[in-house]
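Trainee: The primary structure of each chain is shown beneath.
2 protein chains.
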Amino acid sequence: MKRIETCFSPALYEGDRHKGEFVVIIDILRASSAICTAFANGVESIIPVATVAEAREYKQKGYLVAAERDGYVLDFADFGNSPFNFTKEKVGGKTIVYSTTNGTGSIHKAEGAGKIVVGSFLNITALTDMIIGSDMDVVLFCAGWKNRFSLEDTLGAGSFAERLLESGRFSTICDSTFAAIDLWKQAKVDLWGYIQKAAQRSRLRDKGLDDCIQFCLEQDFTDSVPCFREGALVD
Amino acid sequence: MKRIETCFSPALYEGDRHKGEFVVIIDILRASSAICTAFANGVESIIPVATVAEAREYKQKGYLVAAERDGYVLDFADFGNSPFNFTKEKVGGKTIVYSTTNGTGSIHKAEGAGKIVVGSFLNITALTDMIIGSDMDVVLFCAGWKNRFSLEDTLGAGSFAERLLESGRFSTICDSTFAAIDLWKQAKVDLWGYIQKAAQRSRLRDKGLDDCIQFCLEQDFTDSVPCFREGALVD
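These protein sequence lines map, in sequence, to chains A and B. Per the numbering used here, residue 55 is the first one in the first sequence, and the count goes up by one each step. Per the numbering used here, residue 55 is the first one in the second sequence, and the count goes up by one each step.
Simulated from the structure, these hints should not be mistaken for lab results. Heads up, some of the hints might be wrong.
[As the list claims (entries may be wrong)] List time: in silico DSSO-like cross-link candidates among lysine-lysine, alpha-carbon distance up to 30 Å: (1) 56/A <-> 163/B; (2) 148/B <-> 251/A; (3) 163/A <-> 148/A; (4) 113/B <-> 242/A; (5) 261/A <-> 148/B; (6) 242/B <-> 251/A; (7) 169/B <-> 239/A; (8) 251/A <-> 169/B; (9) 163/A <-> 113/B; (10) 115/B <-> 73/A; (11) 113/B <-> 251/A; (12) 239/A <-> 113/B; (13) 169/A <-> 115/A; (14) 163/A <-> 200/B; (15) 73/A <-> 115/A; (16) 200/A <-> 169/B; (17) 251/B <-> 56/B; (18) 56/A <-> 73/A; (19) 115/B <-> 73/B; (20) 251/B <-> 113/B; (21) 261/A <-> 73/B; (22) 169/A <-> 144/B; (23) 251/B <-> 144/B; (24) 56/B <-> 113/B; (25) 242/A <-> 239/B; (26) 242/B <-> 115/B; (27) 251/B <-> 73/A; (28) 239/A <-> 251/B; (29) 56/A <-> 163/A; (30) 200/A <-> 163/A; (31) 200/A <-> 113/B; (32) 200/A <-> 73/B; (33) 115/B <-> 200/A; (34) 251/A <-> 73/B; (35) 115/B <-> 251/A; (36) 242/A <-> 115/B; (37) 56/A <-> 251/B.
Keep in mind it's a predicted model, so treat the numbers as computed, not measured.
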């Protein structure tokens with residue numbers, strides 16, 4: 055029986071305890087969903103960078119750069135954080151550099167884990183199968199928002215955890231996992247309705263960036279599972 | 055309209071944002087419940103200390119000292135962390151020193167707030183009335199367990215938040231508060247049943263310290279609201 059743990063914020067991530075484990079980075083609105091979409095559309099690889107300075111350096115070296123802070127595209131970047139930016143035409147066959155407020159920092163925080171992958175509703179079945187096949191302990195790592203708890207990432211974690219428990223191969227004694235599952239059970243009967251109260255839903259609406267939310271809640275848009283290896287995400 | 059925020063762990067507490075606000079420290083199993091019981095039983099004041107070394111110093115000065123780590127009474131202490139220790143006979147009219155794994159550290163972390171009080175199910179109605187009367191923004195600060203999210207503190211926060219929203223004087227845009235309320239709504243129909251899956255419930259059972267859990271979930275055992283003032287908790 056393998057173990058499920060859930061971490062609600064990068065500030066709560068206990069790297070020393072998760073060495074060698076299978077870590078799923080969940081940033082539903084929008085980094086995880088955008089990264090999964092990019093791989094569905096044939097991106098070759100994505101280099102996640104934590105800081106704006108690093109993103110700028112890569113731009114100067116000629117890379118295509120996706121970079122945002124608080125939802126706004128950085129001035130030097132080619133595009134921002136909406137999954138709709140990552141089209142076949144723009145990213146197919148390319149290596150791009152990506153920096154976001156929360157998601158890409160979490161990937162770096164997880165270094166030292168046995169496996170680091172990007173999870174969203176868009177690749178939930180493919181990724182769940184991969185986790186089950188790995189026979190490893192799993193950490194559902196919610197990127198949150200500026201170290202705060204976020205509802206949408208918690209619901210994503212709850213959805214993964216529910217499926218893993220149903221497989222019969224996983225168990226949990228983690229309070230965060232129980233909470234995520236119970237919130238997911240409440241939310242899933244009307245996910246779109248439930249997500250309306252999430253702070254990130256309001257933030258995106260206020261900036262006119264909420265056109266992609268319904269898409270980000272869609273299950274199984276792709277079979278791609280972006281895995282972090284030697285500094286880059288690859289399929 | 056005043057604002058409710060919920061903080062799920064000392065590691066997530068944003069002291070700079072909560073200056074001047076009304077902070078409720080919630081450590082249901084067991085520090086909050088024990089402190090409320092001590093005041094119900096006539097303790098004069100409680101000096102919360104964060105470290106074992108400080109607790110030991112106070113003992114040498116002749117104080118009655120309650121001190122535990124991971125549920126175990128420290129060797130030099132007079133008693134531990136069960137509310138059943140804080141009887142009229144032992145604490146009535148006295149000033150005691152108190153140090154616990156999570157609860158007392160959270161009180162110190164909140165210093166700089168406008169008001170710091172100790173909340174539990176045992177004093178929920180009296181404290182809710184005080185919060186409403188204060189006309190201040192409120193932070194429901196879950197002590198958690200070694201910086202981790204804990205179910206029982208979250209349910210406590212959800213119960214306070216539900217009552218505050220029902221008063222019509224408070225609103226929230228905080229994801230943690232929404233989550234706490236939704237978990238509380240699920241749990242309250244059978245709180246004793248729900249709490250069985252909490253990690254702290256198992257920790258206390260493993261140590262034979264779970265005799266007090268049902269008591270800690272009782273509402274309105276006392277009208278006392280322990281307030282932190284000039285280094286000590288007073289009624």
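Trainee: If a hint holds in the structure, say so; if it does not, say that too.
Mentor: Here is what the structure says about each hint:
Distance check on the hinted pair: residue 56/A and residue 163/B sit about 36 Å apart at the alpha-carbon level, beyond 30 Å; violated. Among the hinted pairs, residue 148/B with residue 251/A is inconsistent with the structure: their alpha-carbon atoms are about 47 Å apart, more than 30 Å. Using a Cα cut-off of 30 Å, the hinted pair residue 163/A and residue 148/A holds, with the two alpha carbons roughly 25 Å apart. For the hint linking residue 113/B to residue 242/A, the alpha-carbon distance of about 54 Å lies beyond 30 Å, and the restraint is violated.
For the suggested pair residue 261/A and residue 148/B, the alpha carbons sit about 57 Å apart, so the restraint of at most 30 Å is broken. Distance restraint check for residue 242/B and residue 251/A: the Cα-Cα separation of roughly 22 Å lies within the 30 Å cut-off, and the hinted pair is therefore satisfied. Among the hinted pairs, residue 169/B with residue 239/A is inconsistent with the structure: their alpha-carbon atoms are about 36 Å apart, more than 30 Å. A distance of roughly 28 Å separates the Cα atoms of residue 251/A and residue 169/B; the hinted pair therefore holds under the 30 Å criterion.
With a C-alpha separation of about 42 Å, the suggested pairing of residue 163/A with residue 113/B is violated against the 30 Å cut-off. Restraint check for residue 115/B and residue 73/A: the C-alpha separation of about 45 Å exceeds 30 Å, so the hint is violated. This hinted pair does not check out: residue 113/B and residue 251/A have alpha carbons roughly 49 Å apart, beyond 30 Å. The straight-line distance between the Cα atoms of residue 239/A and residue 113/B is roughly 49 Å, outside the 30 Å bound, and the hint therefore fails.
Straight-line distance between C-alpha atoms of residue 169/A and residue 115/A comes to about 29 Å, which keeps the hinted pair within the 30 Å bound. A threshold of 30 Å between alpha carbons decides the hint, and for residue 163/A with residue 200/B the separation of about 19 Å falls inside it, so the pair holds. Only pairs whose Cα atoms come within 30 Å are accepted, and residue 73/A paired with residue 115/A is rejected, the gap being roughly 33 Å. For a cut-off of 30 Å, the pair hint linking residue 200/A to residue 169/B stands: about 26 Å separates their Cα positions.
Distance hint between residue 251/B and residue 56/B is unfulfilled; the C-alpha atoms sit about 33 Å from each other, more than 30 Å. Distance check on the hinted pair: residue 56/A and residue 73/A sit about 15 Å apart at the alpha-carbon level, within 30 Å; holds. Restraint check for residue 115/B and residue 73/B: the C-alpha separation of about 33 Å exceeds 30 Å, so the hint is violated. A C-alpha spacing of about 37 Å is found between residue 251/B and residue 113/B, which places the hinted pair above 30 Å, so the restraint is violated.
Annotation: proposed proximity of residue 261/A to residue 73/B holds, straight-line Cα distance about 29 Å (limit 30 Å). Taken as a hint, the residue 169/A and residue 144/B pair is broken in the structure, with Cα atoms around 54 Å apart against an allowance of 30 Å. Under the criterion of a C-alpha separation no larger than 30 Å, the hint pairing residue 251/B with residue 144/B is inconsistent with the structure, at around 33 Å. Taking the CA atoms of residue 56/B and residue 113/B, the gap is about 42 Å. The hint is violated against a cut of 30 Å.
Distance restraint check for residue 242/A and residue 239/B: the Cα-Cα separation of roughly 16 Å lies within the 30 Å cut-off, and the hinted pair is therefore satisfied. Restraint check for residue 242/B and residue 115/B: not satisfied, since their Cα atoms lie roughly 44 Å apart, outside the 30 Å limit. In summary, the hint linking residue 251/B to residue 73/A is supported, as the alpha carbons are separated by about 26 Å, within the 30 Å threshold. Proposed proximity of residue 239/A and residue 251/B is supported: the alpha carbons are some 16 Å apart, at most 30 Å.
Note on residue 56/A and residue 163/A: the hinted pairing holds, with a Cα-Cα distance of about 23 Å set against a maximum of 30 Å. Taking the CA atoms of residue 200/A and residue 163/A, the gap is about 14 Å. The hint holds against a cut of 30 Å. A distance of roughly 42 Å separates the Cα atoms of residue 200/A and residue 113/B; the hinted pair therefore is violated under the 30 Å criterion. For the hint pairing residue 200/A with residue 73/B, the CA-to-CA distance comes to about 19 Å; that is within 30 Å, so the pair holds.
For the given pair, residue 115/B sits about 44 Å from residue 200/A by alpha-carbon distance, which is inconsistent with the 30 Å threshold. For the proposed pair residue 251/A and residue 73/B, the alpha carbon gap of about 26 Å is at most 30 Å, so the pair holds. Between residue 115/B and residue 251/A the CA atoms are separated by roughly 52 Å; this puts the pair beyond 30 Å, and the hint is violated. Only pairs whose Cα atoms come within 30 Å are accepted, and residue 242/A paired with residue 115/B is rejected, the gap being roughly 58 Å.
Pair hint residue 56/A plus residue 251/B holds up; C-alpha atoms about 18 Å apart against a cutoff of 30 Å.
Violation of the numbered hints given earlier is confined to hints 1, 2, 4, 5, 7, 9, 10, 11, 12, 15, 17, 19, 20, 22, 23, 24, 26, 31, 33, 35 and 36; the remaining hints are satisfied by the structure.
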